[in-house]
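Novice: Letter by letter, the chains look like this.
Number of protein chains: 4
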Amino acid sequence: MTVLSEDAHGVYVIAATPFDSAFAVDERSIATMVDFYLAKGADGLTILGMMGEAPKLTPVESLGVVKSVLACASGRPVIVGVSAPGFAAIAELSRDSMALGAAGVMVAPPSSLRTDDQIVEYYQQVADLLGPKIPIVLQDFPLSTGVAISVSAIDRIVRTIPSLVMIKHEDWPGLGKLSTLRQQEDAGRRRVSVLCGNSGLFLPEEMQRGADGAMTGFAYPEMMIDVVRLSRLGEHERARDVFDAYLPLIRYEQQPGVGLAVRKYILAKRGVIAGATQRKPGATLPPKAVAEVEALIARQARRLQELN
Amino acid sequence: MTVLSEDAHGVYVIAATPFDSAFAVDERSIATMVDFYLAKGADGLTILGMMGEAPKLTPVESLGVVKSVLACASGRPVIVGVSAPGFAAIAELSRDSMALGAAGVMVAPPSSLRTDDQIVEYYQQVADLLGPKIPIVLQDFPLSTGVAISVSAIDRIVRTIPSLVMIKHEDWPGLGKLSTLRQQEDAGRRRVSVLCGNSGLFLPEEMQRGADGAMTGFAYPEMMIDVVRLSRLGEHERARDVFDAYLPLIRYEQQPGVGLAVRKYILAKRGVIAGATQRKPGATLPPKAVAEVEALIARQARRLQELN
Amino acid sequence: MTVLSEDAHGVYVIAATPFDSAFAVDERSIATMVDFYLAKGADGLTILGMMGEAPKLTPVESLGVVKSVLACASGRPVIVGVSAPGFAAIAELSRDSMALGAAGVMVAPPSSLRTDDQIVEYYQQVADLLGPKIPIVLQDFPLSTGVAISVSAIDRIVRTIPSLVMIKHEDWPGLGKLSTLRQQEDAGRRRVSVLCGNSGLFLPEEMQRGADGAMTGFAYPEMMIDVVRLSRLGEHERARDVFDAYLPLIRYEQQPGVGLAVRKYILAKRGVIAGATQRKPGATLPPKAVAEVEALIARQARRLQELN
Amino acid sequence: MTVLSEDAHGVYVIAATPFDSAFAVDERSIATMVDFYLAKGADGLTILGMMGEAPKLTPVESLGVVKSVLACASGRPVIVGVSAPGFAAIAELSRDSMALGAAGVMVAPPSSLRTDDQIVEYYQQVADLLGPKIPIVLQDFPLSTGVAISVSAIDRIVRTIPSLVMIKHEDWPGLGKLSTLRQQEDAGRRRVSVLCGNSGLFLPEEMQRGADGAMTGFAYPEMMIDVVRLSRLGEHERARDVFDAYLPLIRYEQQPGVGLAVRKYILAKRGVIAGATQRKPGATLPPKAVAEVEALIARQARRLQELN
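Protein chains in written order, with my numbering: chain F, 159 to 466; chain R, 159 to 466; chain G, 159 to 466; chain Z, 159 to 466.
Chain F with its partners taken away, still in its complex shape:
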């Protein structure tokens, strides 16, 4: 059983939750999807995140997904999103997931938090609740949560909560913030892992500013894997060549709301999952958007061919 630590790096793919046409969790697609991500070279997986439609599942279903993913994950670390309006639900899913072999849990702040003190106290309460043995990932995604977490607040959280081992960085704009987090460490603060989200929209710059990798669910995980690998080798121009080829589609898939329909459409098209079904409330991709996505994929394929 892998346990998440501050040394984590590489690409943790944010996994979708596949549903069949009757809106039930599609176990078979979970298996093919996990196989696909691992075959492409994912270092780990993150499940039951916002893009995993976690709030649309009952607790029993959530734990079922954890079990199914872990069964196929070949020992790679699996992080479980456990954000919920209350602590009882967070504690229950966290403990049950860890008992099944998860590597850690990810927690986004509830939208009611405002001040630095409130945010720091919230994570301290979560850490008290989960105890010292469950590694915690802080998800910093203000566009979605409505909660702006200052670098001072993150600094206090990292200093006071030893079990906080990773930041999912998706503040926007976030490049300056990432550099400041790394400077805090240069000044002596414990170093934590920083993986970047936002569909990878700033991944080349983020890798150069000290990110340890990506944690996002763009439907072509090969993009994240290549950009992270090349960046870690110092091959920044080649990393950008790859990135630029995917960028028109990244931009399209990164749209809030619509993005998940795009992602599931492509995953289904690639045969990774059986169908693009979302639970309500969720969009199916309208015909005009399908045409746009297909045009972007065709151009992307040509561009990638030119690169090789």
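Just so you know, these hints were derived from the structure itself, not from any lab. Since this is a predicted model, take the numbers as computed values, not measurements. Just so it is clear, CB atoms sit at the ideal spot from N, CA and C, and this is done for glycine as well. Among the hints, a few may not be true.
[Unchecked claim] Okay, derived cross-link-like pairs now, DSBU-like style, lysine-lysine, Cα gap no bigger than 35 Å in a straight line:
#1 Z/Lys438 / G/Lys335
#2 F/Lys335 / Z/Lys427
#3 R/Lys225 / F/Lys438
#4 R/Lys198 / R/Lys225
[As the list claims (entries may be wrong)] Computed list of chain F residues with no C-beta within reach of chain G, every gap over 12 Å:
#5 Thr160
#6 His167
#7 Asp178
#8 Ala180
#9 Val218
#10 Glu219
#11 Gly244
#12 Arg253
#13 Val416
#14 Ala449
[To be verified] So these bits of chain R aren't anywhere near chain G, every CB distance computed over 12 Å:
#15 Val161
#16 His167
#17 Phe194
#18 Asp201
#19 Ala257
#20 Asp275
#21 Gln276
#22 Tyr280
#23 Arg347
#24 Leu388
#25 Tyr423
#26 Ala426
#27 Gly433
Chain F is already provided as a structure; the job is to place chains R, G and Z on it using the hints.
Specialist: Chains R, G and Z alone, transformed into the frame defined by chain F:
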């Protein structure tokens, strides 16, 4: 088994959820609390609302509370708050509660909704999900949800969703809105029940503008019961005499956040529940606030005595 | 010329801005209104606040109001609300007002601020802009601004900005915050003046927790003046007797949006200003609300008579 | 004097407001900047928008900018951003600008608006205020204003306000919304001009979905001009070739907050304005960001060369 309808009126007390000192649901206190509310004259109860610390319970615990309350409710209608981030949780708790004998369910809009169309569509999806036989209460509480529901949106919701039978009215300011809702009915729209929340802070005016009663959890339910009763008899000055006696405490208990600590403190002091414990995150009443509450209670007792 | 300092206390009435029926600033009513406030015993005035309809004036009109009020203020301190989306406007109105004899300026945070660092930096930039000689009042009114200012942030602001001399306290709930501010001073932090807003809804408790007075615009300034005077004498029960008599109307006037229409209606009824006109967007009091206000005033008069 | 109409199309560049090193408006740079935009082929200009640092100017300065831009605009239409917290300021700047020769005014909704009715009423009040002869542009930019405007609300606004001639479309995601706006017209609603913002991040798709052009301030206006021109010719693949070459920088410049520093840095580097100075609060581009921008510009230049 009582089923909620548009004719509902009177006082539906928002019930607290009592916890013992180990933070477990306190079943015995549920029984004494329900007895107390009914003995005071409550026409119904609403449980698992925001003030019932619903998000702090697991689904299994929530259903346990439903069961316990229904066991003591002597056939009075019990409305269950089922608001949740996703439809699966809403559907599950709603169906299970109705199967146990609940009278209806209450749904507040998720904070992500903004436009009229989004709000109307949300309630239509909820109604589709629950089917025509589960009566729905719309909770209109922008201060807490962040969602402003226009009178036009409510009009569309009432027109298109026959199972929507009641509005928990706690917009602020809300007096003009309440009058407009009643005017829409005078113009031919189906009449729904309107019960008022906000700790009853505007209850005398609301009753004169056409409210059917109160749905709130002020620690002295006798206030709501007397004000509603006198108002329905047309005894508005006497209703205000009672109201004014309680107002200094209503104002104090209506403070967001702190209010629940005040409410549980008083309920415990009155012997209604065994203790004032809240689950985290939740405040205990600091000494200065205890002194303020005691001073208010003493003055209130004197004032009520003068009235009789 | 009075200059505001940390020693300020008593009642600073938030003045309305009177308009004539053609929506022009009503200079004559400014004079009668200022006379009225001073005759009732106001220690100072605050003009061009949110309830002074400041954003509805052009800069030229704003300065005209400052001039007119100062001309009648008999040397009492006048604080000018200078909140604006940009620093150029803040600087211009502040300097011009001080040159005319204002005692200080009041600044609320723009709604875009979120983190502690952003809020502290904003006030530091304002202080740099205005220089050391213009006393600044921090308006802490999250319900209206959307900006939650933590006690830690206020502590940093008071420590680093010597020209910050007063806090207009209208956070809600705010009693615990007020006590914490005073505890910070007991621990050695410079003491600043704290005057309370929110129509005085918690004034008795606030005075007992260390407030220096009130800064609000309730249409019966005699309430604030009596409650503050009695509280400062330690006559807390008598202060509450007065307060409770006014509370039903305070509660009504404190409603957001509608409240200003109530306030101007009563000021006009009392002969303080010639008419209740607001500039757009602004409500006139609908007939049902007029009836409610009149009923509240009649009961209030009876209650006050009983007290004497 | 050009007056804006529903037929407007092409590229209206959002102009920066240049400041000299003493933070005064830099008149000479205004002249070179306007020359540059027109030389590149801009059909019109939009000034004093959010990216024009409008809230940082006093009314006198704002009008000075209007005058200076109009003096160099060679008769091309100039739209003036007049958004302000109050109607008096909106009316004054609108009338003065039109008197000087502006083509129309742009108004974003104040952040306090929530419901459809509030939004529609706001624009009706603005239209009443300005009278029938001042063409109005509705700026639909929820990410910045916090106000979500539904397609139903826009439909009502267009139907009831004849002087509303253009929508600055920068909702995100916004492609479906744009298609719906065009479908409303196919169903008989008056057609208005739709120009797209958001730094052009979705410009190729928007042009194919019926946009009339772009209104944004990306530092290479040649991008917008070429993409719009090629799209209008039906040369969509060539439009995308151009777009894709600029996309890595568009993405970078589109970051909120930081983006303006990038834009001014590039405009200064290109000799369009004398310096990148912003008024406070405003960022200068830190060294790491300068390096990133330079890398993006170098890659962009190579890519554009490959295209020719």
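Novice: Against this structure, judge whether each hint is valid.
Specialist: Going through the hints against the structure:
{"no.": "1", "hint": "Z/Lys438 / G/Lys335", "in the structure": "holds, 31 Å"}
{"no.": "2", "hint": "F/Lys335 / Z/Lys427", "in the structure": "holds, 25 Å"}
{"no.": "3", "hint": "R/Lys225 / F/Lys438", "in the structure": "holds, 29 Å"}
{"no.": "4", "hint": "R/Lys198 / R/Lys225", "in the structure": "holds, 22 Å"}
{"no.": "5", "hint": "Thr160", "in the structure": "holds, 34 Å"}
{"no.": "6", "hint": "His167", "in the structure": "holds, 28 Å"}
{"no.": "7", "hint": "Asp178", "in the structure": "holds, 41 Å"}
{"no.": "8", "hint": "Ala180", "in the structure": "holds, 42 Å"}
{"no.": "9", "hint": "Val218", "in the structure": "holds, 37 Å"}
{"no.": "10", "hint": "Glu219", "in the structure": "holds, 34 Å"}
{"no.": "11", "hint": "Gly244", "in the structure": "holds, 21 Å"}
{"no.": "12", "hint": "Arg253", "in the structure": "holds, 32 Å"}
{"no.": "13", "hint": "Val416", "in the structure": "holds, 26 Å"}
{"no.": "14", "hint": "Ala449", "in the structure": "holds, 38 Å"}
{"no.": "15", "hint": "Val161", "in the structure": "holds, 34 Å"}
{"no.": "16", "hint": "His167", "in the structure": "holds, 21 Å"}
{"no.": "17", "hint": "Phe194", "in the structure": "holds, 26 Å"}
{"no.": "18", "hint": "Asp201", "in the structure": "holds, 26 Å"}
{"no.": "19", "hint": "Ala257", "in the structure": "holds, 39 Å"}
{"no.": "20", "hint": "Asp275", "in the structure": "holds, 24 Å"}
{"no.": "21", "hint": "Gln276", "in the structure": "holds, 21 Å"}
{"no.": "22", "hint": "Tyr280", "in the structure": "holds, 24 Å"}
{"no.": "23", "hint": "Arg347", "in the structure": "holds, 20 Å"}
{"no.": "24", "hint": "Leu388", "in the structure": "holds, 15 Å"}
{"no.": "25", "hint": "Tyr423", "in the structure": "holds, 15 Å"}
{"no.": "26", "hint": "Ala426", "in the structure": "holds, 20 Å"}
{"no.": "27", "hint": "Gly433", "in the structure": "holds, 21 Å"}
The earlier numbered hints are all upheld by this structure, with none contradicted.
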